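Asker: What follows is each chain in one-letter form.
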Amino acid sequence: LAKTTQPISMDSYEGQEVNITCSHNNIATNDYITWYQQFPSQGPRFIIQGYKTKVTNEVASLFIPADRKSSTLSLPRVSLSDTAVYYCLVGDEDSSYKLIFGSGTRLLVRP
Amino acid sequence: NAGVTQTPKFRVLKTGQSMTLLCAQDMNHEYMYWYRQDPGMGLRLIHYSVGEGTTAKGEVPDGYNVSRLKKQNFLLGLESAAPSQTSVYFCASSYSPSWEQYFGPGTRLTVT
Numbered sequence: 483l484a485k486t487t488q489p490i491s492m493d494s495y496e497g498q499e500v501n502i503t504c505s506h507n508n509i510a511t512n513d514y515i516t517w518y519q520q521f522p523s524q525g526p527r528f529i530i531q532g533y534k535t536k537v538t539n540e541v542a543s544l545f546i547p548a549d550r551k552s553s554t555l556s557l558p559r560v561s562l563s564d565t566a567v568y569y570c571l572v573g574d575e576d577s578s579y580k581l582i583f584g585s586g587t588r589l590l591v592r593p
Numbered sequence: 725n726a727g728v729t730q731t732p733k734f735r736v737l738k739t740g741q742s743m744t745l746l747c748a749q750d751m752n753h754e755y756m757y758w759y760r761q762d763p764g765m766g767l768r769l770i771h772y773s774v775g776e777g778t779t780a781k782g783e784v785p786d787g788y789n790v791s792r793l794k795k796q797n798f799l800l801g802l803e804s805a806a807p808s809q810t811s812v813y814f815c816a817s818s819y820s821p822s823w824e825q826y827f828g829p830g831t832r833l834t835v836t
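Protein chains in written order, with the numbering used here: chain A, 483 to 593; chain B, 725 to 836.
Worth flagging that the hints you see were computed from the coordinates, not collected in a lab. Be aware that one or more of the hints could be misleading.
Reference excerpt, derived from the structure (chain A facing chain B, CB under 8 Å, subset only) [said to hold, decoys possible]: (1) Q524; (2) G525; (3) P526; (4) N539; (5) A542.
Just a sample of chain A residues kept apart from chain B, beta carbon distances all over 10 Å, derived [to be verified]: (6) M492; (7) E499; (8) T503; (9) T535; (10) F545; (11) P547; (12) R559; (13) V560; (14) P593.
Remember, predicted model here, so these are calculated numbers, not experimental data. Even for Gly, the Cβ is constructed at its ideal location relative to N, Cα and C.
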């Protein structure tokens with residue numbers, strides 16, 4: 483499974499756009515990129531998943547450059563409730579049983 | 725539709741005691757997973773199941789056993805608890821081997 487590297491923490495203010503970048507230099511051809519969100523004392527929650535270019539859903543966008551060695555989770559106009567830990571994971575369907583969560587990125591949104 | 729539920733929410737054990745954590749899902753998912761999360765760390769996969777009657781080892785299986793006698797339930801057992809097993813345990817399920825797993829609320833276990 484490809485190893486991922488994310489910033490340990492990020493600070494932002496309400497209403498700003500937040501971009502969290504994940505590095506995955508050893509991503510394989512069949513690997514997908516997936517992001518989860520975790521609030522304190524809760525289990526992780528799926529946010530978004532992509533393979534290439536750009537994916538957008540109701541809560542976030544995922545930008546993946548052509549070489550796929552990195553990806554950026556974009557949260558538009560964050561609010562205090564977006565304060566959480568965000569995890570980037572990489573793998574294919576066959577390895578999805580073995581989700582490997584790193585330490586994630588702790589996002590703090592300030593008023 | 726309750727999703728994924730876990731029982732109990734909290735538990736304190738003495739070293740050497742045993743216990744079973746219960747995970748239940750009502751989404752008819754084939755795949756179920758048990759993770760542990762230590763303070764400030766990401767989740768680590770303990771065991772998983774790809775269907776009723778099947779189980780397999782994950783990243784950190786030592787000291788734990790599991791059973792999947794019914795499709796909707798996945799049990800995690802600790803036969804002889806150790807302080808190193810103090811952690812928060814999360815159960816998850818998914819319909820297929822994709823990345824969207826649905827997590828339960830967690831069980832906070834302390835072993836003294």
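Asker: A separate judgement is required for each hint: does it hold in the structure or not?
Answerer: Structure-based check of each hint:
1. The closest approach between the C-beta of Q524(A) and any C-beta of chain B is roughly 6 Å, which is under the 8 Å cut-off, so the hint is satisfied.
2. Look at G525(A): its Cβ gets to within about 3 Å of chain B, closer than 8 Å, so that hint holds up.
3. For the restraint placing P526(A) at the interface with chain B, the shortest Cβ-Cβ distance is roughly 5 Å, inside the 8 Å limit, so the hint holds.
4. Interface hint at N539(A): violated, since its Cβ lies 12 Å from the closest Cβ of chain B, which is beyond the 8 Å cut-off.
5. Given the 8 Å rule on beta carbons, the hint for A542(A) is violated: about 14 Å separates it from the nearest Cβ of chain B.
6. Listed as a non-interface residue, M492(A) keeps its Cβ farther than 10 Å from every Cβ of chain B; the least gap is roughly 16 Å.
7. Interface exclusion of E499(A) from chain B stands, the closest Cβ pair being 24 Å apart, more than 10 Å.
8. With a cut of 10 Å on Cβ distances, T503(A) stays outside the contact zone with chain B, its closest approach being about 17 Å.
9. Chain B leaves T535(A) outside its interface by the beta-carbon criterion, the shortest separation being 18 Å against a cut-off of 10 Å.
10. Against the 10 Å criterion, F545(A) stays outside the reach of chain B, whose nearest CB is about 18 Å from its own CB.
11. With 10 Å as the threshold on Cβ separation, the claim that P547(A) sits away from chain B holds: the shortest Cβ distance comes to roughly 20 Å.
12. No Cβ of chain B comes within 10 Å of the Cβ of R559(A); the nearest lies about 24 Å off, and the non-interface call holds.
13. At roughly 22 Å from the closest C-beta of chain B, the C-beta of V560(A) stays outside 10 Å, upholding its exclusion from the interface.
14. Non-interface status of P593(A) relative to chain B is upheld: no Cβ of that chain comes within 10 Å, the nearest being about 25 Å off.
In summary, the structure is inconsistent with hints 4 and 5 from the numbered list given earlier, while agreeing with the others.
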